[in-house]
Amino acid sequence: MQPGVYTQPVINARNIKICALAAFIALVPAHAADDDRDIIRIAAAFRTLTLDPTRSIYTGAIETFGQLYSRLLRRNAEGQLVPGLALRWEISSDGLDYTFFLRETKFSDGSPLTADDAAFSLLRMRDDPEAVYPAPVLSLQNAWAEDARTLRIRLKQPNAPFLEALEMCFLGVVSRADVERRGAAAAFADIPVTSGPYRVVEWRRNDRLILEANPYYWRTGYPLNDGAELIEVVDTNTRIAMLQAGEVDAIQDITHSAIAGFVASPDTVVPEEPALRIQVLLLNHARPPFSDRRVREAAALALDRERFTRVATRGRAQVANTLLPRQLRFHDPDFPGWTYDPHRARQLIDEAGAHGAKVVINFTAPSAYYEMMALIVQAYWGDIGLEVEIRKMDQAIYEQRQMDGDYDAAIEWWYNENAEPDLAVKWALCGSCGNRAYYTNYQNDRVDELVRQGAAELDPDRRRDIYREIQAIAFRDVAQIPLFYPSWLNAYSTRIEGLGFTPATQWTLEEARHVR
Amino acid sequence: MNRAAWIARRIAHLVPVLFGITIVSFALIQLTPGDPARMMLGSRASPEAVAAVRERLGLDEPALKRYGSYMLSLAKGNLGESIPYRQPVSELILRFLPVTGFLALYAIVLTTPLTLLFGILAARNRGRWVDQVIRMLSVLGMTMPVFWLAILMIRLFSIDLGWFPVSGFGTGFTGHLRHLFLPAISISVYLVPVLVRNLRAALLEEMSADYVVASRSKGLPEGYIFRRHILKNASLPTLNLFGVMIAWLIGGTVIIELVYAIPGLGTLMFNAILGRDYPVIQGLTLFYAFTTVIITLLTDLLSALIDPRIET
Amino acid sequence: MNGRWPTTLRLGAGIVLLWLLVALLAPWLAPAEPNAIDLDNVLRPPGDGWLMGTDHVGRDILSRVIFAARIDLWMGFLGVLAPLSIGVAIGLFAGYFGGLLDSITMRMVDITLAFPFLILVLAIVAMLGPGIANFIIALALVGWVSYARLIRAEVMVIRSAEYVQAARTLGFSSPVIVFHHVLPNAVSPIVVYAMTDMVLVVLAGAGLGFLGLGVQPPTAEWGAMIADGQAYISEAWWISFFPGLAAVSFGVGLSLIGDGLARILRIGDL
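Residue numbers (the working numbering), protein chains in the order written: chain H, 1 to 516; chain A, 1 to 312; chain U, 1 to 270.
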């Protein structure tokens, strides 16, 4: 304690001035630097994990692939297959030889895009040990460039879905020269060489992906905007708040309760966006009680799916009558589907001796939506005599349990990128196609045989019969319990037009622009 | 013991602590079910691809061997690479650190004057209504669930009034100040009451100390005594708590960052845990630990400097 | 000093006692089954029939808030008891025996302290899965530290006290002496700290519920209910509001008790 050392009181004139200045800076709404450029801002629900189209098929990843890489074919606004990088194509009569005539175009770094790059991209997905989804190109025997503008493909056997598969976003064309020069890891690490409407300005991992228009994009005049920002916002309510506050132009995946508010506001819209999606209850056939077909049937009859769908989706979805998404080619619209018959359900339960059987329903956190569905199912199944427990868990544990077959029932959804049913049935109903019929352990040899036939059969009428039979058998076996067909639920600002979300989970970013 | 030796001893203590941390975080990761390869590749990924990625990452090797190679690269200063992002963990941390750091600092800048104001007011007016009101508000602030408050504030200030942005970090200094105002206030609402309670208690204790009574009897003015002695002596325990709070802030901003969509260390850690991004989890944990220890060290050092009577 | 309890203590004790009664008498107080869904009455506002309205599956909020009291009180109590027991036990032994045991304990304390609290609890819950039991385990593993330190400090002080030396020479076994003297002295700061800790535990539980890693549905718990209602904040504010109110009031009660206890036990507050 030295005399003469004078300490000022904390609350004095100078400090007050500093605080006031700070408060002023903080509170005065600063004008964001007015961007003359037309940038579309989207708050996405998923994170971008990689820019390499062969390295991930996680939902968030494939959304960005379509913006970065063009494919041989494209879908127009009506959803039809039209020329993409390929101007026209020829298919041999035996369905084994495909010839694509490519347009003259360049990559985002100015280097020419040739048939060799296209062949390289396809073979990469087939051959690279870390390529995640070789299924569409497994039938490929060889792909090569006859010349710079001509791509030749030879298949091992006829494959009806092949042409449509070439439109899918993970078969985008990448630059062979770049990948071979830099190596796959470095080539896609930060600024990849792209062939699509956009190229990458910056990839801020765990934050956002900043894109700008690709000046070399083959579709002249597109994109209609100068760039886009895909901002990763995991919390649904925060995304909703962002659109309400006008901070972004579109948000992905809103809750059903937010629909009314956005529809009522003149600044936002929630369009009807069809999705090739289906919401299901997965049942584990490998262990009791659902190993007994009667219990599975009872579980299906016990649900009043009309009411369930109405409450869960506020009437925005249609009840599912078969196990395939509604807009899938060869979906059987006349198939009757399950009725609501709790009386019969109880009978079946008693017959099977499953009264009081313990059932655990798994679902992923943090989804209030799934929790609601689980609660409703719990109530219905409780009514017919099952002892139901619902369990919420994080994504990683949930997937582990699915893979290990450590579950009884699970709330799940799946989708198909296009109307081609081949990959859909392989994913959901085929017991020997790699994922044990979406981890249900459902195995029906007839179904598996039909799945194989369906891919090879080129005649549409015969294909229709094949897929209808598949649906009928799977339904009778209660492979899964179909719930409803949800559409995408995104909200858009009226400041922009042209932006939508396709059934193939692609934003139509290149068509979007600000109008006010 | 002399100051330098004391510092050296404290730093030497760091080593076993960090060592222990790597063991604990490694053990936690081993015991947690989930496959980072699958999380990254997606559920439709072919089993061959998943196996290939696991092979590349060495995820199937025995735990001890993995721990050994991790420690080896750590010794060389390499924190490893994020599994999905394939970017060095150190780079990721350095990218997100400024955001969380800014938020923490912002919260501190808002908290400090409020703490001093309310703490002093409460102590000087002990027992009277000012004191009671401050104490009731403190209790309220401490018990309010922070995400509840955040939701309400976003609703009112961002959406309805449009004063502040809902989310993100913003560009430029003023941008940061605007975007992080609500999050920083949310943190302060919790911090201020805790610190005020502590400061008030320390002040009151000082105010009845012998030397104060003696000074008063000598005729020294109350304000002078307060500023020169009481405040200074009472600042010590509060400073301690302050240091603890700062260390807590580094890791404790997770919920705030998630609700306000701020790309900081909290979001990084949360997503890493969900996605089982092991190198990031381990790297961040070490970083948190390191920061906490350093801050504690600095706080103790500062305390010792202020009050030479502190036992070192 | 008069022997009456200060107002804060009485007020706090009153609030907590009220919630205790609510929790105990839940089955008789609640007008409806807390988990009974009613798809015909979703999102009803507070009014006739439902004092606090219904949630997104038609469950009565009032009944759920009442039954949630059981869970949250239980979580608060166990969530403090578990780390307290472990911490006190470890602190006693470390402080008494000193030496290597003490060093190891203090290193463990440093390690635990170096982890950010929420992150560690999050990681443990992610590892074990959501649920009350796992939450308590996580808290126990993380929270024992403060209690250990408090008790250890007391033990070290007493160990060297003269009367302990004196008692030893008289042939009394030292552990008995130490514990006999340590515990009464340590009780006060520990109890005060425990009250604050309980508030933190309830908040942590709510936070985890918000992140989706709290109690398993359909169990009613205030934090989880707040999280449930977040999606409906614009159209059905009551889903989040009432459990939030309950949590805050309970927390306030605990804080006031802590405050008041500190006063009569003459610790840190005058």
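Keep in mind that the hints were calculated from the coordinates and are not lab data.
Where a beta carbon is used, it is the ideal one built from N, C-alpha and C, also for glycine.
One or more of the hints may lead you astray.
Output of the computed footprint for chain H on chain A, the stretches with three or more beta carbons under 8 Å from beta carbons of chain H [unchecked claim]:
| hint | region |
| --- | --- |
| 1 | 74 to 81 |
| 2 | 86 to 96 |
| 3 | 196 to 208 |
Covered by chain U, according to a simulated footprint, are these stretches of chain A (three or more residues, beta-carbon under 8 Å) [as the list claims (entries may be wrong)]:
| hint | region |
| --- | --- |
| 4 | 28 to 36 |
| 5 | 42 to 50 |
| 6 | 134 to 140 |
| 7 | 170 to 183 |
Status of each hint after checking the structure:
no.	hint	result
1	74 to 81	violated (count 0)
2	86 to 96	holds (count 5)
3	196 to 208	violated (count 0)
4	28 to 36	holds (count 4)
5	42 to 50	violated (count 0)
6	134 to 140	holds (count 3)
7	170 to 183	violated (count 0)
In this structure, the hints that do not hold are numbers 1, 3, 5, 7, in rising order.
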